[in-house]
Amino acid sequence: MKRILYIPVFFIIFSCSQNENIEKISEFQPLDSLQFQKDLKKLGEKLFFDQSLSIDNSISCASCHIPALAFTDGKKRSIGIHNRTAKRNSPTLITVAHQDKFMWDGGIKTLELQALVPLQDTNEMGSKVSELIPELQMNQWYDSLSRRLYGHEFNAFTLTQALSCFQKSLYYENSTFDEWQNEGVEVSKSIKNGYDLFKNRLNCAACHSGKTFTNSSIENNGLYKTFLDPGHFLISADSSDIGKFKVPTLRNIEITGPYMHDGSFESLEEVIIHYESGGKDHFNKSKLIQPFELTDEERKDLISFLKSLTDKQLKSQWEKVFN
Numbered sequence: 001m002k003r004i005l006y007i008p009v010f011f012i013i014f015s016c017s018q019n020e021n022i023e024k025i026s027e028f029q030p031l032d033s034l035q036f037q038k039d040l041k042k043l044g045e046k047l048f049f050d051q052s053l054s055i056d057n058s059i060s061c062a063s064c065h066i067p068a069l070a071f072t073d074g075k076k077r078s079i080g081i082h083n084r085t086a087k088r089n090s091p092t093l094i095t096v097a098h099q100d101k102f103m104w105d106g107g108i109k110t111l112e113l114q115a116l117v118p119l120q121d122t123n124e125m126g127s128k129v130s131e132l133i134p135e136l137q138m139n140q141w142y143d144s145l146s147r148r149l150y151g152h153e154f155n156a157f158t159l160t161q162a163l164s165c166f167q168k169s170l171y172y173e174n175s176t177f178d179e180w181q182n183e184g185v186e187v188s189k190s191i192k193n194g195y196d197l198f199k200n201r202l203n204c205a206a207c208h209s210g211k212t213f214t215n216s217s218i219e220n221n222g223l224y225k226t227f228l229d230p231g232h233f234l235i236s237a238d239s240s241d242i243g244k245f246k247v248p249t250l251r252n253i254e255i256t257g258p259y260m261h262d263g264s265f266e267s268l269e270e271v272i273i274h275y276e277s278g279g280k281d282h283f284n285k286s287k288l289i290q291p292f293e294l295t296d297e298e299r300k301d302l303i304s305f306l307k308s309l310t311d312k313q314l315k316s317q318w319e320k321v322f323n
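Reminder that position 268 of the sequence shown reads as 268 in the numbering used here, one-by-one numbering, no gaps.
Treat the hints as calculated values from the structure; they're not laboratory data. A few of these clues could be false.
To be verified - Straight-line Cα separation of at most 30 angstroms, DSSO-like style, residue types lysine-lysine; simulated pairs:
no., residue 1, residue 2
1, LYS280, LYS315
2, LYS315, LYS87
3, LYS315, LYS211
4, LYS315, LYS75
5, LYS46, LYS211
6, LYS42, LYS168
7, LYS307, LYS168
8, LYS87, LYS75
9, LYS76, LYS280
10, LYS46, LYS315
11, LYS307, LYS189
12, LYS280, LYS168
13, LYS211, LYS41
14, LYS211, LYS307
15, LYS101, LYS189
Stated by the list, open to error - So the derived label-pair ranges between C-beta atoms look like this:
no., residue 1, residue 2, range
16, GLU297, TYR171, 32 to 40 angstroms
17, LYS225, LEU288, 16 to 24 angstroms
18, ALA68, LYS287, 33 to 41 angstroms
19, GLN51, SER144, 16 to 24 angstroms
20, LEU31, ASN174, 44 to 52 angstroms
Don't be surprised by glycine CBs; every beta carbon is placed ideally from N, CA and C.
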């Protein structure tokens, strides 16, 4: 994804008289908060699946964030317009409401700004917001809903607010692990052993913590000795940030491969073996990344636990939407 984002600034010149402005404002009747959120989410969902957001009408946000794959796409790096390859792996959108930084390099601080990055990236959707907005205003449903929500025509504010609202709704706690922790439903011994390894001996929970299984920190996990993609360094220009990327959530990890910022690992087994080795030597590698040994059985237990984080209702919910 683009490392530097140029965001157009829209200036609105009001030619109406003061009295005319007062009259228009008085005509706008705000929705109650519950209905507002419901309608904004509905608008965001429609936009998320709308291919007209890309410059050639060939892809939507959902092309790289497929609901049945926990809003990833199963590719090392996503394919954008004109068959171009994105710079990084497509991350899951589930749990983004609980995060305070976005993109693999953690360079974007709000979901609203994040929405503009893939829209304008020439390897992804390739649009220019200044040209896209007038086209979307021609969609009567978009424009009328924007006026209902905000009292003005569809614009970049409506676009980013709606996409953000929809993405913030993507949180699922219907996994085997959740049933065990929240309802006391019995799980296999393998899952229990794997969770114990994860939380205690291996201390994976130092980074993959809380209900979202991420602390959203920026870390170098020793993936390479030399990073072709320097990660957070592109944001900070601080050499201590070379090779640092955002810690991803582990929810639905079973179906969000391939793994790492560049999709370099195809399987969970490969990921675990990487961490067992202690990673590659790099001057910024986290001190938490230390080598360890697992038996074949322990490795299977750890994977069983990770697979227990897969939501049971995610796939069926979105199958109903499309059918």
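Going down the list of hints, with the structure as the test:
{"no.": "1", "hint": "LYS280 <-> LYS315", "result": "36 angstroms, violated"}
{"no.": "2", "hint": "LYS315 <-> LYS87", "result": "27 angstroms, holds"}
{"no.": "3", "hint": "LYS315 <-> LYS211", "result": "20 angstroms, holds"}
{"no.": "4", "hint": "LYS315 <-> LYS75", "result": "18 angstroms, holds"}
{"no.": "5", "hint": "LYS46 <-> LYS211", "result": "28 angstroms, holds"}
{"no.": "6", "hint": "LYS42 <-> LYS168", "result": "12 angstroms, holds"}
{"no.": "7", "hint": "LYS307 <-> LYS168", "result": "23 angstroms, holds"}
{"no.": "8", "hint": "LYS87 <-> LYS75", "result": "12 angstroms, holds"}
{"no.": "9", "hint": "LYS76 <-> LYS280", "result": "21 angstroms, holds"}
{"no.": "10", "hint": "LYS46 <-> LYS315", "result": "19 angstroms, holds"}
{"no.": "11", "hint": "LYS307 <-> LYS189", "result": "14 angstroms, holds"}
{"no.": "12", "hint": "LYS280 <-> LYS168", "result": "35 angstroms, violated"}
{"no.": "13", "hint": "LYS211 <-> LYS41", "result": "23 angstroms, holds"}
{"no.": "14", "hint": "LYS211 <-> LYS307", "result": "15 angstroms, holds"}
{"no.": "15", "hint": "LYS101 <-> LYS189", "result": "36 angstroms, violated"}
{"no.": "16", "hint": "GLU297 <-> TYR171: 32 to 40 angstroms", "result": "33 angstroms, holds"}
{"no.": "17", "hint": "LYS225 <-> LEU288: 16 to 24 angstroms", "result": "18 angstroms, holds"}
{"no.": "18", "hint": "ALA68 <-> LYS287: 33 to 41 angstroms", "result": "38 angstroms, holds"}
{"no.": "19", "hint": "GLN51 <-> SER144: 16 to 24 angstroms", "result": "21 angstroms, holds"}
{"no.": "20", "hint": "LEU31 <-> ASN174: 44 to 52 angstroms", "result": "30 angstroms, violated"}
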